[in-house]
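As given, the protein sequences belong to chains A and B, one line each in that order. Each residue of the first sequence is one higher than the one before, counting from 1 in this note's numbering. Each residue of the second sequence is one higher than the one before, counting from 1 in this note's numbering.
Just so you know, not all the hints are guaranteed correct.
Note that identical chains are pooled: a pair holds if it fits in a single copy or bridges any two copies.
Here are the simulated lysine to aspartate or glutamate pairs, DMTMM-like style, with alpha carbons at most 25 Å apart [stated by the list, open to error]:
# : residue 1 : residue 2
1 : Lys-46    : Asp-101
2 : Lys-95    : Glu-11
3 : Lys-46    : Glu-4
4 : Lys-132   : Glu-75
Everything labelled a hint here was simulated from the structure, so no lab data went into it. Quick caveat, the model's predicted, so the values are computed rather than measured.
Number of protein chains: 2
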Amino acid sequence: MNRESIVQLLESKNVQASYHRLKILEYLVNHRTHPTVDTIYRSLEKEIPTLSRTTVYNTLKVLVAKKIVSQVTVEENEVRYDYSGSAHLHFKCRKCGVVYDIFHDCELLSRKEIEGHIVDEYHINFRGTCKKCVEAARAGAN
Amino acid sequence: MNRESIVQLLESKNVQASYHRLKILEYLVNHRTHPTVDTIYRSLEKEIPTLSRTTVYNTLKVLVAKKIVSQVTVEENEVRYDYSGSAHLHFKCRKCGVVYDIFHDCELLSRKEIEGHIVDEYHINFRGTCKKCVEAARAGAN
DNA sequence: ATTACTGCAAATACTTTGCATACCG
DNA sequence: CGGTATGCAAAGTATTTGCAGTAAT
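Whenever a hint applies, use it, and build me the whole structure from the sequences.
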């Protein structure tokens, strides 16, 4: 996604497109790796030496409040951020640590109500060993 | 569940049934409210004045490692503990904060594999407004 | 000029670690 | 006795807050 679209995305949600916000959202849009606050900060501080962690926290709070990005907790005790595209599930590999997006046609995803409760958000997360790590282990065994 | 069964549960998993472990697991089994570390600590310190937070952390770590209880993160940044009974989903009400267990016959729950990755754990969490809070709001509006 | 954004430093919250003591088989 | 569990205090990590400075409208 180019810079212009990101500015438009921010403005369409009534978020002032400051330089830092632009860079942080751009990072999230272009790195679909579910980064943590720290990862985002470390990646951007090279390019923006004046950036502070507080700004990363502030910006992410705004983006989450405006539902432009979402918080993901695939692993307990580790908040990650994800640019909210279409509905999807997450799978985290215990071996390599990569978080995969899973697009699965699941009846639960379209539910507006469950057992009488009104659903406005859901998180479906899986953990295990990813395809690559399974294959690597199999190759190693030969 | 009575004390004797809890001792047996611990011993069947090769966990020494010390007094503190017994009390902590007993709390989890009898309070199916998905408590946080702090809730567990505060509830038990009245009865066990010498209890320390470290012991609660240590014990929960052992219980999770032995898969007697599981960690639940229905809300980002808030680890809760749940005595692992049968497979189920969680729903957290944004208004009253209660975490409900949802038993739903979902195809995803029985999956051992998804898109080639091997699944050994899953977390399915919903958020929204619970039945009670919806009804309370409706009654208030009249 | 007024409002909003940023960044530092301090404060708070949560969790882990090291080590000495106490408990249990 | 010997290994394990416990508890305190300290360290570590993550996040929030207050406030002063800066930029934007």
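Structure-based check of each hint:
Taking CA atoms no more than 25 Å apart as the test, Lys-46 paired with Asp-101 passes in neither setting, with 28 Å inside one copy and 45 Å between copies. In this homomeric assembly, Lys-95 and Glu-11 never come within 25 Å of each other (Cα to Cα): the closest approach is 40 Å inside a single copy and 30 Å across copies. In this assembly of identical chains, the alpha carbons of Lys-46 and Glu-4 lie at most 25 Å apart only when taken from the same copy (23 Å versus 59 Å across copies). In this homomeric assembly, Lys-132 and Glu-75 come within 25 Å of each other (Cα to Cα) only inside a single copy, at 19 Å, whereas the closest approach across copies is 30 Å.
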